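Respectively, the protein sequence lines represent chains A and F. Each step along the first sequence adds one to the number in the numbering used here, with nothing skipped, and position 62 is 62. Each step along the second sequence adds one to the number in the numbering used here, with nothing skipped, and position 15 is 15.
No lab work stands behind these hints, which were simulated from the structure alone. A quick note: this is a predicted structure, and the numbers were derived from the prediction, not measured. Glycine is no exception: its CB is placed at the ideal position from the N, C-alpha and C atoms. Keep in mind that the hints are not guaranteed to be accurate.
To be verified - A few chain F residues that don't get close to chain A, going by computed Cβ distances all over 12 Å:
id : residue
1  : 43
2  : 50
3  : 57
To be verified - Partial list, derived from the structure: chain A residues whose beta carbon lies under 10 Å from chain F:
id : residue
4  : 5
5  : 46
6  : 132
Unchecked claim - List of simulated lysine-lysine pairs, BS3-like, C-alpha gap at most 25 Å:
id : chain 1 : residue 1 : chain 2 : residue 2
7  : A       : 173       : F       : 42
8  : A       : 252       : F       : 58
9  : A       : 261       : A       : 275
10 : A       : 356       : A       : 324
11 : A       : 49        : A       : 229
12 : A       : 179       : F       : 58
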Amino acid sequence: MEPLAPHEKIFVDSDIVDDENHGEIACHECHGGNPDDPNWKTAHKGVVKDPTYPDATAACGDCHDEISAHYQKSLHATLKPYKLIIAKRANPKAVISEKVAGAMSNHCYQCHSSCGQCHISRPDSVEGGFLNGHLFQKKPPMQAVCTACHGSRIQKEYFGEHEGAQPSVHRQKYMKCEKCHTGEEMHGDGKEYATRYEVEKGPKCADCHSQIYERDAENVISHRIHKGKASCHVCHAQPYNNCSSCHVGKDKKGIAFYKTKGSWFDFKIGLNPLKSDKRPEQFVTVRHNPVDRETFGFYVKDALSNFDVLPTWKLATPHNIRRKTPQNASCNACHGNASIFLQEKDVEKTERQANKGVIVPANLIPRKQKWQPK
Amino acid sequence: MNYLRLIALILIFSLSLIPTFPFTSQAYEDTQCFQCHTSAKKLIEATREIAESRPAVKSSETEGEG
Numbered sequence: 001m002e003p004l005a006p007h008e009k010i011f012v013d014s015d016i017v018d019d020e021n022h023g024e025i026a027c028h029e030c031h032g033g034n035p036d037d038p039n040w041k042t043a044h045k046g047v048v049k050d051p052t053y054p055d056a057t058a059a060c061g062d063c064h065d066e067i068s069a070h071y072q073k074s075l076h077a078t079l080k081p082y083k084l085i086i087a088k089r090a091n092p093k094a095v096i097s098e099k100v101a102g103a104m105s106n107h108c109y110q111c112h113s114s115c116g117q118c119h120i121s122r123p124d125s126v127e128g129g130f131l132n133g134h135l136f137q138k139k140p141p142m143q144a145v146c147t148a149c150h151g152s153r154i155q156k157e158y159f160g161e162h163e164g165a166q167p168s169v170h171r172q173k174y175m176k177c178e179k180c181h182t183g184e185e186m187h188g189d190g191k192e193y194a195t196r197y198e199v200e201k202g203p204k205c206a207d208c209h210s211q212i213y214e215r216d217a218e219n220v221i222s223h224r225i226h227k228g229k230a231s232c233h234v235c236h237a238q239p240y241n242n243c244s245s246c247h248v249g250k251d252k253k254g255i256a257f258y259k260t261k262g263s264w265f266d267f268k269i270g271l272n273p274l275k276s277d278k279r280p281e282q283f284v285t286v287r288h289n290p291v292d293r294e295t296f297g298f299y300v301k302d303a304l305s306n307f308d309v310l311p312t313w314k315l316a317t318p319h320n321i322r323r324k325t326p327q328n329a330s331c332n333a334c335h336g337n338a339s340i341f342l343q344e345k346d347v348e349k350t351e352r353q354a355n356k357g358v359i360v361p362a363n364l365i366p367r368k369q370k371w372q373p374k
Numbered sequence: 001m002n003y004l005r006l007i008a009l010i011l012i013f014s015l016s017l018i019p020t021f022p023f024t025s026q027a028y029e030d031t032q033c034f035q036c037h038t039s040a041k042k043l044i045e046a047t048r049e050i051a052e053s054r055p056a057v058k059s060s061e062t063e064g065e066g
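Given these sequences and hints, build the entire structure.
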């Protein structure tokens with residue numbers, strides 16, 4: 001997404017005075033600064049660009065008390081999954097883990113969001129700028145906010161931007177992110193979750209598609225046979241993007257940068273690394289994530305000494321759902337088709353130990369079926 | 001009767017003192033923040049000045065998908 005011109009980023013629509021909820025709040029009440037100073041340089045002394053990050057209670061809490069309190073523990077604010085995953089892989093020596101924390105702060109934690117960076121401006125990580133002249137947006141616009149950050153995977157999958165791929169059927173029905181990812185999920189419920197898959201108000205396919213198991217439903221046999229064994233994505237996702245080898249560092253000017261080796265398009269079914277009551281399936285789609293043993297090598301040697309404790313092929317929920325896919329064209333498009341299962345040969349030798357829990361052994365790949373449901 | 005008429009007059013007079021829009025919005029439209037941030041011309045001048053004095057914030061070494 002093209003960034004806005006510098007002046008566009010901070011242009012305020014004078015219609016804001018007509019906002020019956022926010023129009024009576026003066027600029028300096030949230031942002032500070034000196035509203036009477038005609039010199040913009042001195043007037044901006046003490047100005048807070050985003051008064052909703054990291055703590056939104058002062059700016060939003062008077063009216064949106066529950067949301068602003070819960071938001072502090074939402075995944076968009078805490079980035080808890082990143083922290084936990086890196087902490088598990090990191091070298092436990094304090095001198096090293098401190099450097100890893102510093103590197104995370106310089107790079108990984110730059111991607112977060114806040115009340116303001118969804119409802120007023122584009123997120124900072126995509127260079128910010130008011131969405132609509134600082135007019136408050138009840139529902140964040142999908143492309144300027146959601147897929148502005150979740151671009152390389154979610155956006156390309158959802159819009160069908162990969163060569164040869166189709167958009168998600170949900171996109172073709174004009175569904176926007178908030179249809180599945182509700183405000184309740186985004187704002188959080190005050191609990192700190194370790195992964196997004198645990199969030200209680202997170203999306204579930206069955207919220208809309210509960211009828212698929214009913215007696216008269218189309219494909220009821222296939223749906224009932226696979227219930228609890230294979231996730232919906234196993235049958236209904238198209239191939240998706242996988243990334244590898246992210247390295248972070250600072251250039252000669254001290255500006256932070258990242259480099260990823262490249263990405264590739266693939267579809268792999270693996271063993272579910274996050275089995276739970278909510279996700280009991282044995283088979284799920286898995287995606288290679290960009291972490292590397294040397295991700296933080298610029299900052300410190302042997303930073304991720306416990307690299308092998310977690311898989312690099314993660315549970316994935318590709319956003320490119322289709323009713324008909326190559327793997328659900330017939331039973332034997334999947335059963336006996338070893339090429340779509342994550343096997344040892346698909347995993348780099350140096351990562352096999354880390355992925356032993358998700359690699360599908362030959363004896364677990366479903367055998368060819370003679371019987372086909374009508 | 002005169003007493004009631006007096007109360008009615010006081011009420012009408014009091015109502016006429018209530019502004020048609022809140023004090024705050026009238027006040028902040030007059031602030032320097034509002035005057036400048038609603039003027040594209042002023043913002044273009046200011047942001048040009050900022051761009052000249054600030055170095056790039058994005059490294060040219062960044063490569064690949066994020």
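Quick check on residue 46(A) please, does its C-beta sit within 10 Å of some C-beta on chain F? Because about 13 Å separates residue 46(A) from the closest Cβ in chain F, which is outside the 10 Å limit, the hint is violated.
When the least beta-carbon distance from residue 5(A) to chain F is tested against 10 Å, hint result: Holds - the Cβ of residue 5(A) comes within 10 Å of chain F, reaching about 8 Å at its closest.
Does residue 132(A) pass the interface hint, meaning its C-beta sits closer than 10 Å to a C-beta of chain F? 14 Å, violated
25 Å Cα cutoff - pair residue 252(A), residue 58(F): 12 Å, holds
No chain A beta carbon within 12 Å of residue 50(F)'s: 7 Å, violated
For the pair supplied as a hint, residue 179(A) and residue 58(F), confirm whether the alpha-carbon distance does not exceed 25 Å. Given that 25 Å is the threshold and the Cα spacing comes to 34 Å, the pair is violated.
Is it the case that residue 43(F) keeps its Cβ farther than 12 Å from each residue Cβ in chain A? About 4 Å separates residue 43(F) from the closest Cβ of chain A, which leaves it inside 12 Å; violated.
Taking the minimum C-beta separation from residue 57(F) to chain A, is that value above 12 Å? Given a closest Cβ separation of 7 Å, the condition is violated.
For residue 173(A) and residue 42(F), compute the direct alpha-carbon distance and say whether it is at most 25 Å. The hint is violated at about 43 Å.
Can you confirm whether the C-alpha distance between residue 261(A) and residue 275(A) stays at or below 25 Å? 30 Å, violated
Is the Cα-Cα distance between residue 49(A) and residue 229(A) 25 Å or less? 48 Å, violated
Next pair to validate is residue 356(A) with residue 324(A); report whether the Cα-Cα distance is within 25 Å. 31 Å, violated
In summary, the numbered hints that this structure violates are 1, 2, 3, 5, 6, 7, 9, 10, 11, 12.
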